[in-house]
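Engineer: Listed here are the chains, written in short residue letters.
4 protein chains.
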Amino acid sequence: MTTTNADSGRPRTRSSGGGGTRRRGKGSPALASERREHLVKLAAELFAEKGFQATTVRNIAEEAGILSGSLYHHFDSKESIVDEILTGFFEDIMASYRRVIEEGGDDPRATIAGLVRTAFGTLEPHRAAITVMQNDWNYLRGMERFAYLTKSEDEVEKMWVDTLKAGQEQGVFRLDLDPKLTYRMIRDTVWVAIRWFKPGGKLNAEGLAEHYLKVMFDGINLH
Amino acid sequence: MTTTNADSGRPRTRSSGGGGTRRRGKGSPALASERREHLVKLAAELFAEKGFQATTVRNIAEEAGILSGSLYHHFDSKESIVDEILTGFFEDIMASYRRVIEEGGDDPRATIAGLVRTAFGTLEPHRAAITVMQNDWNYLRGMERFAYLTKSEDEVEKMWVDTLKAGQEQGVFRLDLDPKLTYRMIRDTVWVAIRWFKPGGKLNAEGLAEHYLKVMFDGINLH
Amino acid sequence: MTTTNADSGRPRTRSSGGGGTRRRGKGSPALASERREHLVKLAAELFAEKGFQATTVRNIAEEAGILSGSLYHHFDSKESIVDEILTGFFEDIMASYRRVIEEGGDDPRATIAGLVRTAFGTLEPHRAAITVMQNDWNYLRGMERFAYLTKSEDEVEKMWVDTLKAGQEQGVFRLDLDPKLTYRMIRDTVWVAIRWFKPGGKLNAEGLAEHYLKVMFDGINLH
Amino acid sequence: MTTTNADSGRPRTRSSGGGGTRRRGKGSPALASERREHLVKLAAELFAEKGFQATTVRNIAEEAGILSGSLYHHFDSKESIVDEILTGFFEDIMASYRRVIEEGGDDPRATIAGLVRTAFGTLEPHRAAITVMQNDWNYLRGMERFAYLTKSEDEVEKMWVDTLKAGQEQGVFRLDLDPKLTYRMIRDTVWVAIRWFKPGGKLNAEGLAEHYLKVMFDGINLH
DNA sequence: GATGAATGAGTATTCATTCAT
DNA sequence: TATGAATGAATACTCATTCAT
Chain A
1 MTTTNADSGR PRTRSSGGGG TRRRGKGSPA LASERREHLV KLAAELFAEK GFQATTVRNI
61 AEEAGILSGS LYHHFDSKES IVDEILTGFF EDIMASYRRV IEEGGDDPRA TIAGLVRTAF
121 GTLEPHRAAI TVMQNDWNYL RGMERFAYLT KSEDEVEKMW VDTLKAGQEQ GVFRLDLDPK
181 LTYRMIRDTV WVAIRWFKPG GKLNAEGLAE HYLKVMFDGI NLH
Chain B
1 MTTTNADSGR PRTRSSGGGG TRRRGKGSPA LASERREHLV KLAAELFAEK GFQATTVRNI
61 AEEAGILSGS LYHHFDSKES IVDEILTGFF EDIMASYRRV IEEGGDDPRA TIAGLVRTAF
121 GTLEPHRAAI TVMQNDWNYL RGMERFAYLT KSEDEVEKMW VDTLKAGQEQ GVFRLDLDPK
181 LTYRMIRDTV WVAIRWFKPG GKLNAEGLAE HYLKVMFDGI NLH
Chain C
1 MTTTNADSGR PRTRSSGGGG TRRRGKGSPA LASERREHLV KLAAELFAEK GFQATTVRNI
61 AEEAGILSGS LYHHFDSKES IVDEILTGFF EDIMASYRRV IEEGGDDPRA TIAGLVRTAF
121 GTLEPHRAAI TVMQNDWNYL RGMERFAYLT KSEDEVEKMW VDTLKAGQEQ GVFRLDLDPK
181 LTYRMIRDTV WVAIRWFKPG GKLNAEGLAE HYLKVMFDGI NLH
Chain D
1 MTTTNADSGR PRTRSSGGGG TRRRGKGSPA LASERREHLV KLAAELFAEK GFQATTVRNI
61 AEEAGILSGS LYHHFDSKES IVDEILTGFF EDIMASYRRV IEEGGDDPRA TIAGLVRTAF
121 GTLEPHRAAI TVMQNDWNYL RGMERFAYLT KSEDEVEKMW VDTLKAGQEQ GVFRLDLDPK
181 LTYRMIRDTV WVAIRWFKPG GKLNAEGLAE HYLKVMFDGI NLH
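Going down the list, the sequences are from chains A, B, C and D.
Final position of the first sequence in our numbering is 223; the numbers increase by one with none missing.
Final position of the second sequence in our numbering is 223; the numbers increase by one with none missing.
Final position of the third sequence in our numbering is 223; the numbers increase by one with none missing.
Final position of the fourth sequence in our numbering is 223; the numbers increase by one with none missing.
In short, the hints are calculated from the structure, not lab data.
Treat each hint with caution, since some may be false.
The list cannot tell twin chains apart, which means a pair is met if one copy fits it or any two copies do.
In silico DSBU-like pairs for lysine-lysine, Cα to Cα no more than 30 Å straight-line [claimed, not checked]:
1. Lys198 - Lys165
2. Lys165 - Lys214
3. Lys180 - Lys214
4. Lys158 - Lys214
5. Lys158 - Lys180
Using the sequences and the accompanying hints, generate a full structural model.
Structural biologist: Spelled out as structure tokens, the structure:
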């Protein structure tokens with residue numbers, strides 16, 4: 001608790017724009033370790049399955065066929081692994097959202113639909129990260145290290161809320177709803193689906209999205 | 001080591017109703033010691049705030065102003081505390097649901113509305129239990145001890161799904177929705193609200209329920 | 001909590017012989033780390049001196065000059081240490097017994113004498129293991145883990161009883177004795193000597209054996 | 001460890017000849033608590049079955065249908081219970097031994113036979129105490145409190161060894177045996193039988209004694 | 001890059017014992 | 001006599017992390 005970790009701060013890797021020097025010193029060959037990325041993937045799988053806290057560094061190492069101590073050649077803490085996972089997810093989804101907003105132009109209904117489809121679309125590729133966010137966020141947010149995620153969250157919220165408000169102004173969305181509240185409900189409904197969504201199932205992410213769009217736009221009532 | 005623990009299963013106390021043979025002793029006054037109940041409440045608060053795993057037995061004891069070992073005079077494991085919390089929640093909500101179903105009679109729309117209002121209504125009194133369910137269920141379900149919760153879940157699902165189907169047959173709900181899927185989305189949307197719902201806030205549980213009912217029944221579109 | 005311990009069963013190391021798939025790693029050099037063996041020896045000494053239960057993991061670690069947690073790098077439980085000790089003892093003595101039986105051929109008197117000498121002969125090299133068996137068996141046998149020892153015991157009993165019966169049939173042993181009972185008395189008399197037998201004493205294991213053989217074969221009476 | 005127990009010393013109860021004031025103060029009605037004696041018996045049974053260390057004060061209390069703390073109204077420590085058990089055993093057997101020696105007169109063979117029969121005869125009435133001695137003595141002897149048992153042991157040893165020596169001098173026992181060694185072997189063989197001796201079995205204590213006397217006096221050889 | 005050994009701080013749990021009621 | 005609550009010290013075991021080889 002209250003880790004006095006030399007590591008706390010911002011994520012080192014993946015950080016900068018172009019060709020960030022990956023780790024302290026060494027000056028590894030730019031696009032560096034596939035090994036590293038492989039390890040992150042293994043860890044993500046475990047974090048999603050058992051939860052961040054319940055997953056031990058040994059679990060990850062065993063999965064990779066090495067000893068736990070050896071992991072510290074690639075990462076400097078367990079936290080930095082999950083950081084990498086979450087950062088990847090957030091960078092990706094925010095880029096996607098921005099694209100949707102731009103493309104959506106002045107059509108709020110189309111934009112919201114696009115955002116919903118995008119969100120559902122991340123369920124499969126970012127399954128592990130989303131699961132971690134759902135299950136372990138309450139724990140993770142306790143560490144200053146992950147404060148940046150809250151900031152990203154705020155930016156995302158603004159995108160959705162602005163679109164909802166625009167829709168109300170244009171008369172396409174009901175006026176008796178609180179945009180902020182509505183956004184949260186939509187957001188949570190999408191992400192929480194990670195708990196029972198099965199990638200290979202007959203109801204894929206697209207099907208889910210369409211089903212939800214129907215309910216969200218027109219309700220369950222038969223008009 | 002070689003735990004001869006007789007605890008696994010259902011909580012001992014809480015006997016009240018039918019045949020709680022207390023152990024050898026007296027036959028104490030049914031109401032499972034206020035002390036115990038107080039401790040459960042403290043623990044629930046902590047579990048909700050920090051998560052089940054991250055909450056140590058010491059945390060709970062300190063909160064109660066006693067030593068950690070002393071907790072074992074009242075409970076025989078950390079698990080049995082959370083068990084008591086969750087059992088209480090499930091017993092309560094299922095009773096409420098059954099009442100709604102009965103009272104709803106043959107009006108699916110009213111019944112669903114009642115279920116939604118009931119669910120939102122538990123947010124405040126069962127805040128801690130619901131938070132634990134949302135955050136720690138992934139971990140907790142790994143233990144056979146909590147298998148019974150899954151069974152309760154199934155029973156609840158049946159109530160909702162049956163009502164949704166009845167509504168479709170009566171022509172009040174759209175036919176192009178999957179009842180199971182719809183149930184899940186409604187359920188998750190309600191519970192997940194625990195993350196940002198603030199008991200004292202201007203938007204109380206009732207307000208939330210009404211807002212959600214609007215969206216759920218008629219969608220966000222302006223018709 | 002929810003021990004995902006893969007350890008229960010037989011000791012991992014000691015693989016040597018046949019098919020010890022080590023885990024994922026290399027395939028290390030058969031001889032189960034000298035460090036480990038050294039630790040087992042230290043533990044055995046303590047178990048013998050203070051008893052299994054009264055010996056704490058800290059005691060063992062302190063004796064080894066490390067911290068108690070560090071022991072778990074080598075063993076996964078206190079039980080697995082004592083298991084290793086007892087297994088070593090049983091494997092050794094059973095092999096010796098089998099050799100005596102084979103070499104004894106058709107001479108029951110010689111065979112019994114050989115068995116007695118063998119048994120006394122283990123007093124010194126297996127002092128600790130035998131002491132543990134004498135003092136802690138009542139406790140240890142309560143754990144399924146050590147059920148295999150009972151099986152080995154049965155096999156040993158058969159060797160002795162068969163030999164005693166053969167002797168009776170050949171007319172070298174009295175007919176008015178119960179072979180099983182006689183075996184038990186001999187066995188216990190030998191092992192119980194561990195309580196006062198001092199390795200360096202003037203009465204070494206061989207002397208003890210010869211003394212006992214005299215009494216056992218011809219009694220204390222002067223004929 | 002190194003109990004700073006106010007209680008250490010000699011057993012208070014059972015001590016004096018006639019009407020010892022049983023416990024500190026109160027001046028209870030002379031032949032006092034049958035309750036107390038009952039509790040000792042329950043405890044003895046548990047100690048025998050599970051071992052002294054593995055038996056918790058709660059175990060004993062539960063067996064008696066009271067709470068663990070209540071036991072301290074009768075005894076001032078777990079040790080004092082086992083003390084009472086062992087003291088009772090030793091007092092009884094030493095009295096019996098003395099009687100045999102006196103009655104044996106100048107016939108060493110008859111005396112030894114009497115001692116052996118006496119020893120086997122205690123197996124049933126003192127089953128629990130003997131079991132405790134066999135299994136837990138190694139632990140118990142570490143406490144100064146039980147030093148007096150060693151003294152009693154020495155006295156007993158002297159009785160046997162003197163008799164054996166007398167027999168050698170009279171020419172009834174072989175000269176080539178070490179009296180002390182022989183005594184120990186006989187003693188241990190008898191007590192250790194407690195491990196497999198079953199009170200109700202077809203081979204009762206008397207049968208065991210006779211069987212052993214045969215082997216002890218004349219050996220297993222057919223002459 | 002990896003091993004193998006160790007650290008150090010922590011975790012849930014146990015248990016003999018005390019004591020006010 | 002007994003209860004019920006608590007103590008305090010110990011116990012086996014866990015785990016992220018470090019580091020010499």
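Engineer: With reference to the structure, classify each hint as holding or not holding.
Structural biologist: Evaluated hints:
no.: 1; hint: Lys198 - Lys165; verdict: between (33 Å within a copy, 24 Å between copies)
no.: 2; hint: Lys165 - Lys214; verdict: both (20 Å within a copy, 17 Å between copies)
no.: 3; hint: Lys180 - Lys214; verdict: both (20 Å within a copy, 15 Å between copies)
no.: 4; hint: Lys158 - Lys214; verdict: both (23 Å within a copy, 23 Å between copies)
no.: 5; hint: Lys158 - Lys180; verdict: within (9 Å within a copy, 32 Å between copies)
Hint check: no violations occur; every hint is consistent with the structure.
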